[in-house]
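K.L.:
Add chain U to chain E, keeping to what the hints say.
Spelled out, the chains give:
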Amino acid sequence: METTVNAEALIQIKYALRRENFALDVDLDLPLRGIAGLFGASGAGKTSLLRCIAGLERPATGKLVVAGDVWQDNSSNTWRAVHQRDIGYVFQEPRLFAHLDVHGNIEFGLRRREHNGAPDIDHIIGLLGLERLLTRRIDELSGGEAQRVAIARALLCAPRFVLMDEPLASLDQKRKDDILPFLDRLRTEAEVPIIYVSHNIDEICRLCDYLVVLDDGRVVADGALQSVLVRMDVPLLSGEQAGSVIQGTAKSYDENDDLTCLHFSGGNLWVPGKANVDGAILRLRIRANDVSLCRTKPEQSTILNIVPAIVEAIQPDQGPSMLVRLVLGADRIVARVTRRSIRELDLQEGEEVFAQIKSVAVRHS
Amino acid sequence: MNADTLFEPLWLSVQLAGITTVVLMIVATPIAWWLAQSSSRWKPVVQTTVALPIVLPPTVLGFYLLIVLGPGGAIGSWWVELTGTALTFSFAGLVIASCLYSLPFAVQPLVVAFESLGQRNLEAAWTLGASRTDAFFSVALPLSVRGYLSAIALSFANTLGEFGVVLMVGGNIPGETRVISIAIYDQVESLNYSSAHQLSAVLLVVAFIALFAMFFINRRWKQR
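Quick mapping for you: the protein sequence lines, in order, are chains E and U.
Number 183 in our numbering belongs to position 183 of the first sequence; there are no gaps in the numbering.
Number 173 in our numbering belongs to position 173 of the second sequence; there are no gaps in the numbering.
For the record, the hints were derived by calculation from the structure and aren't laboratory data.
Think of the CB as a built atom: it goes at the ideal place given N, C-alpha and C, for glycine as much as any other residue.
Don't take each hint at face value.
[Unchecked claim] Some chain E residues well away from chain U (every beta-carbon gap over 12 angstroms; in silico):
1) Ala41
2) Lys63
3) Leu171
4) Asp177
5) Glu191
6) Gln226
7) Cys261
8) Pro272
9) Pro298
10) Thr302
11) Ser341
[Unchecked claim] Here are a few chain E residues that face chain U, going by a calculated C-beta distance under 7 angstroms:
12) Leu56
13) Val82
14) Phe97
15) Phe108
Chain E with its partners taken away, still in its complex shape (with noise of 0.2 angstroms):
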């Protein structure tokens, strides 16, 4: 999919950043709408680049534009201290300050920034969850609540973009899925474009539109989600991480066996449960792992979902296995399978085959 290249939408960025044993050297555009991924190990320079967005940092040499405002330039020595920069910033922990309640935490943005608009403070408080948080004292949150709350102050002081680093990483299982189901609610409702930093796949296919991966303080690929998790080019989006994603839509629910019917470029996929059938486009998650490959169409299988496909490339992967990248319709996604069966199958680039999908992750999108 090309974008048109408009400025006005745009966020670039251009930074070379030295340090004693790490080096950040990045020329990336992000869009500014959406939820767009920097994903990459531990040290790959994803909070760096983050801090130097925010003006927490300073390269020695970079250039920032945001939607055609010039943040900083060394050329002609530009430079917006950080509370001259319009972003509201989600730390991995919640930073909260523990003088203030909830409310005066929330306020704190509110009440420095200019606003065009006032934000909707009722619409954020209710889409964070936080109507009866709203007079607690700080040290009375659980880890949950406190980074709720750290969104919304965050939300609240009506950023140009959010910038979230690893939000959820603090946190355990639990509690994540705790604030997931919010931060989704972000993406769909309020209108806040957000790059989001995280080491998880998981939470990158969930809730982005756009991925960036950062290896050693580069970018190694950047483009629209969907495209960018089928490259197979990209080491880090390979083994147990490679997977893909598909936009698609609930057709009709099946009462008796409880499977919701998803409608896609490339036919019909059951999946367990009652998805909303309102027409709505989803955001199917499909991994590599979770899909193998058949020259001809089972007859008797437990696997319901079952679809032509035509194999793109095949590539190694980690060990013993492969990825094959497969067209379904307009789509593509990517299989994990073993050496030993592209050999015993014989399967070359370019042929139709069937493919087997054991599990589907459906989310709104």
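P.N.:
Coordinates of chain U only, in the frame set by chain E:
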């Protein structure tokens, strides 16, 4: 012993300690902030200078102050030009001397408070639109209240009990420089032990109350 010989020195001491504490909070805050934030190579020099009054005999500090503040000294002569009176053997001179003498007791608790505050809260405040000054007053200061309580109590109590510096710089002028510790010394010298007892008891109680208040408030703060 009449009421004046008891209350005049006590009142003078309380005034001196109160004014000194107020001045110190204003002076010590930027010093402590700089010490907590800076990684300058001058930092150890400043740290050492600020801490000197703890180890220096008060008479040594008092002797140098006497010279500097005296009508012939750098600051003293300037003061004479400005006001027509000498700094030495005056209340104003005592305030300056007390500020120097108690400086480490004000700076140290504040440095500890500012250091434990760390950069994290400040960074969060900046990203929420607060300038550096704004962030200091709206986040750093209120989060350092306990450090300020300690600094106030220690500065006050320390100034209340100072003797050597006061004697060197201020002498023993009733109503002007005769603070309670000097008055006690005076009474003992004249063998008025009962007056010395009364004054000492008052000082003991006041010092106890000041420190107790600090620990008590501190504990309440922790439980909150």
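K.L.:
For each hint, tell me whether it holds in the structure or not.
P.N.:
For each hint, the structure was consulted:
no. : hint   : in the structure
1   : Ala41  : holds (24 angstroms)
2   : Lys63  : holds (21 angstroms)
3   : Leu171 : holds (17 angstroms)
4   : Asp177 : holds (25 angstroms)
5   : Glu191 : holds (20 angstroms)
6   : Gln226 : holds (31 angstroms)
7   : Cys261 : holds (46 angstroms)
8   : Pro272 : holds (42 angstroms)
9   : Pro298 : holds (55 angstroms)
10  : Thr302 : holds (52 angstroms)
11  : Ser341 : holds (51 angstroms)
12  : Leu56  : holds (6 angstroms)
13  : Val82  : holds (4 angstroms)
14  : Phe97  : holds (6 angstroms)
15  : Phe108 : holds (5 angstroms)
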